[in-house]
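Undergrad: The residues making up each chain are set out below.
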Amino acid sequence: MGILRLKCLFLIMVVASIQMLQPCCAQIKEDYEYERASLCMMLIKHHEKKFGNEIQYVFSRMQVPMRFNDHDLGVRLVSFASERKQLDNIKSFIQQVNLGKRCISKWFNRNKASGLMDMELIKERGLYNATLGDVNVARNQIRGLALLEDAGEMLIGNTYLVMNDITYVDHSTGWNIFKDVINFTKNITDIWTKDNVSDADNPFVNSDLSSINATLDDIKGFRVKVKTYLFKLKWNNEIANQFYNMFYIDSENPDPAKFSAFKSENELFEMEYVGMVENTSTKASLNGVTTNEQLITKVCTRALDKNIADLQHEFEDFRIKAPIVNISPIQVQIGLKEDVSESSRFEVLERRIKDDGRVEYKRVGIVKPVKDKIWDNRFMSIEENALNSNLLYTEFVKVSGSDFYPGMFIREIK
Amino acid sequence: MKVNKVLLLIAMISFCFIGANAQVKKEFEGEIVYRNFENHSKMVRRFSSGMAYNGARTVRVIMKGANMHIIDESLQMHTLLLPEQSKVILYSDCLERGMEFSFDAYVNNYMMSCSPDPRYVSGVKQENKYTMNKVSQGEFNGEICDIYKVDVEAILQAGETVHHSELWVSSKYDIYKCYWYFLNGIQAPGIVLKRTLETNGKVPIFGKMNSFVASEVQEIKERLVSDDEMSVPKNFEIKVSDSPFKVVGLMKDTKKYLKKKKMYPGDAEKDLDVTFKIEEEWEF
Numbered sequence: 001m002g003i004l005r006l007k008c009l010f011l012i013m014v015v016a017s018i019q020m021l022q023p024c025c026a027q028i029k030e031d032y033e034y035e036r037a038s039l040c041m042m043l044i045k046h047h048e049k050k051f052g053n054e055i056q057y058v059f060s061r062m063q064v065p066m067r068f069n070d071h072d073l074g075v076r077l078v079s080f081a082s083e084r085k086q087l088d089n090i091k092s093f094i095q096q097v098n099l100g101k102r103c104i105s106k107w108f109n110r111n112k113a114s115g116l117m118d119m120e121l122i123k124e125r126g127l128y129n130a131t132l133g134d135v136n137v138a139r140n141q142i143r144g145l146a147l148l149e150d151a152g153e154m155l156i157g158n159t160y161l162v163m164n165d166i167t168y169v170d171h172s173t174g175w176n177i178f179k180d181v182i183n184f185t186k187n188i189t190d191i192w193t194k195d196n197v198s199d200a201d202n203p204f205v206n207s208d209l210s211s212i213n214a215t216l217d218d219i220k221g222f223r224v225k226v227k228t229y230l231f232k233l234k235w236n237n238e239i240a241n242q243f244y245n246m247f248y249i250d251s252e253n254p255d256p257a258k259f260s261a262f263k264s265e266n267e268l269f270e271m272e273y274v275g276m277v278e279n280t281s282t283k284a285s286l287n288g289v290t291t292n293e294q295l296i297t298k299v300c301t302r303a304l305d306k307n308i309a310d311l312q313h314e315f316e317d318f319r320i321k322a323p324i325v326n327i328s329p330i331q332v333q334i335g336l337k338e339d340v341s342e343s344s345r346f347e348v349l350e351r352r353i354k355d356d357g358r359v360e361y362k363r364v365g366i367v368k369p370v371k372d373k374i375w376d377n378r379f380m381s382i383e384e385n386a387l388n389s390n391l392l393y394t395e396f397v398k399v400s401g402s403d404f405y406p407g408m409f410i411r412e413i414k
Numbered sequence: 001m002k003v004n005k006v007l008l009l010i011a012m013i014s015f016c017f018i019g020a021n022a023q024v025k026k027e028f029e030g031e032i033v034y035r036n037f038e039n040h041s042k043m044v045r046r047f048s049s050g051m052a053y054n055g056a057r058t059v060r061v062i063m064k065g066a067n068m069h070i071i072d073e074s075l076q077m078h079t080l081l082l083p084e085q086s087k088v089i090l091y092s093d094c095l096e097r098g099m100e101f102s103f104d105a106y107v108n109n110y111m112m113s114c115s116p117d118p119r120y121v122s123g124v125k126q127e128n129k130y131t132m133n134k135v136s137q138g139e140f141n142g143e144i145c146d147i148y149k150v151d152v153e154a155i156l157q158a159g160e161t162v163h164h165s166e167l168w169v170s171s172k173y174d175i176y177k178c179y180w181y182f183l184n185g186i187q188a189p190g191i192v193l194k195r196t197l198e199t200n201g202k203v204p205i206f207g208k209m210n211s212f213v214a215s216e217v218q219e220i221k222e223r224l225v226s227d228d229e230m231s232v233p234k235n236f237e238i239k240v241s242d243s244p245f246k247v248v249g250l251m252k253d254t255k256k257y258l259k260k261k262k263m264y265p266g267d268a269e270k271d272l273d274v275t276f277k278i279e280e281e282w283e284f
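Protein chains in written order, with this note's numbering: chain A, 1 to 414; chain B, 1 to 284.
Just the calculated beta-carbon pair ranges, DEER-fashion:
(1) A:D88 with B:K134: 37 to 43 Å
(2) B:D104 with A:K263: 52 to 58 Å
(3) A:L87 with B:S122: 42 to 48 Å
(4) B:P189 with A:K263: 37 to 43 Å
(5) B:K172 with A:K225: 44 to 50 Å
(6) A:S114 with B:P189: 37 to 43 Å
(7) B:G142 with A:F315: 42 to 48 Å
(8) B:G138 with A:E314: 39 to 45 Å
(9) A:E278 with B:S231: 51 to 57 Å
(10) A:R84 with B:G142: 36 to 42 Å
(11) B:G138 with A:F315: 38 to 44 Å
(12) B:G65 with A:N253: 54 to 60 Å
(13) B:E160 with A:N287: 32 to 38 Å
(14) A:M246 with B:P189: 48 to 54 Å
One-sided excerpt, in silico: chain B residues whose CB lies under 10 Å from chain A:
(15) F37
(16) E38
(17) Y53
(18) A56
(19) N200
(20) N210
(21) G266
(22) V274
(23) T275
(24) F276
(25) I278
(26) E279
(27) E280
(28) E283
(29) F284
Calculated from the structure, these hints are not laboratory results. Heads up, the beta-carbon is just placed ideally off N, CA and C, and yes, glycines get one too.
Please work from the sequences and hints to get the whole structure.
TA: The structure is reproduced here in structure tokens:
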């Protein structure tokens with residue numbers, strides 16, 4: 001009974017949303033937001049590595065990249081005792097903490113104490129309008145069911161864990177060894193002479209860069225290596241049915257047995273490994289940067305954005321679709337942050353609702369960016385006065401196809 | 001005259017109050033079990049003769065009067081601190097043997113690295129810069145704790161070391177000072193329910209030696225501790241040594257034994273669940 005009611009409610013919301021989904025041209029923003037994947041971003045914390053605390057500090061204040069929903073679960077930092085095989089570490093961590101189940105719990109806003117769930121987040125991210133709930137459910141049932149499946153795939157099945165491993169690229173090793181030798185010699189001398197020479201007298205002591213108190217000039221060469229591991233929440237009809245039948249409870253249908261069943265479930269909700277990308281940041285410009293924190297934030301944010309962009313190049317499932325906002329010329333709000341370059345190619349997609357209610361995307365053409373018209377939307381590019389940072393859009397030209405209109409999407413092709 | 005009587009009354013009430021407090025709070029006798037998350041740099045692991053490894057460690061601390069018995073259940077190593085007998089005994093369950101050292105020599109070398117008190121190591125006076133501040137209060141396992149931040153800077157001949165520690169201290173029990181040795185000399189005013197210790201050191205030429213240990217109480221059991229629990233098993237061979245540095249041999253042999261039996265926790269990590277640590281709370 002509860003499940004039926006739940007499905008009906010969901011159907012009402014989904015079916016009602018048809019009205020919102022069909023007129024694509026008029027609803028660029030909504031459609032575009034509807035397409036968002038949900039990201040849970042985490043960082044592997046290194047206690048023993050240089051700048052580990054600073055990197056952790058700036059990461060914990062970073063926002064999830066634009067065009068993604070924030071699927072934060074409360075825990076953003078994890079340390080591993082042994083760092084020999086990080087991929088194995090992450091897989092074990094995901095399993096031990098049942099991360100897939102936590103992602104599902106967030107989707108259904110599960111109350112930790114009572115176990116009660118609701119559909120608020122799905123409504124919010126799916127842009128379903130509950131006030132249109134008096135739509136005739138029966139009449140639209142076939143379409144509704146199909147849309148329910150679509151919504152599952154588009155929303156819940158588009159949930160990712162992005163686990164970042166950021167380490168400082170230390171170029172000072174050679175110098176430190178040299179300095180160590182000098183200091184070692186000094187220490188031996190000290191033992192014999194009892195000469196009390198303060199470290200503060202050493203003019204090279206700051207080149208050690210051991211703390212964030214180092215001057216900005218000291219850390220201008222700050223660079224990081226970022227490995228980003230991508231995992232996707234496994235969600236299909238079978239899992240969805242099991243979830244709704246065995247675990248879903250809400251305030252109208254509280255069921256202690258289902259509450260306990262969900263609590264003890266630790267196999268159904270899996271995170272599947274998609275892949276990994278690795279990059280080393282380029283040397284950051286100091287233009288517009290006035291503090292160490294800004295510089296480290298800038299370097300880390302840009303490096304992470306680059307990895308997210310690379311993951312999108314690499315894995316089709318993870319690619320975002322961005323809406324065309326103007327057609328004369330063709331303008332889209334993506335740029336260098338998404339790693340758009342002169343050689344990039346994008347397919348133009350038209351969104352269509354099939355007879356059975358499913359959403360499909362049809363390629364209607366191909367576009368490419370215009371040279372010198374690529375928007376520099378990287379972190380702090382405006383403060384840096386970077387070329388094209390004030391464009392707000394990247395301009396594209398048609399390679400093939402016709403009849404493009406605002407509201408169509410573009411998605412990168414290889 | 002009246003004034004004297006009032007003062008006497010105040011003094012008597014004060015004594016009663018102090019006495020009542022002393023009755024409520026008594027020195028802890030029993031056992032505390034800690035579970036550690038440990039992450040040490042390669043250099044620390046190499047220099048520790050097997051005592052430092054990356055992974056989880058279970059440590060049981062038994063306290064009776066001024067004496068303390070620390071049992072490293074992961075390495076099956078025991079440390080008996082017997083200040084009244086002026087000795088420290090270390091022994092291994094695996095090897096069924098151990099070593100005995102002078103109390104002062106052993107604790108000064110190995111168990112006071114974070115202490116504010118000056119100490120002599122190999123005849124050289126060592127003194128740390130030590131600050132300990134109560135920063136806030138927090139709840140751990142339903143108990144209100146005072147949270148302290150401790151910063152220690154040690155300038156040694158061999159290099160410099162900085163320790164940062166956060167302690168969640170319960171004031172439910174008083175403790176004997178011997179417990180501070182378990183905390184590397186940090187002078188906590190009660191039983192520590194949760195702590196982190198971050199150590200960043202540097203040894204010339206060899207490089208950096210960094211460690212991070214996070215520890216949480218699993219169990220506190222207040223009970224009477226028998227004298228047997230503060231002594232070495234009868235069939236174990238204990239060798240008396242005049243140099244605390246000779247403990248290294250015992251540690252190396254223990255590691256070798258555990259490795260041979262495939263029981264060394266640093267290796268076991270490969271097959272078991274990965275040890276991880278999170279400091280935030282899951283919202284879902």
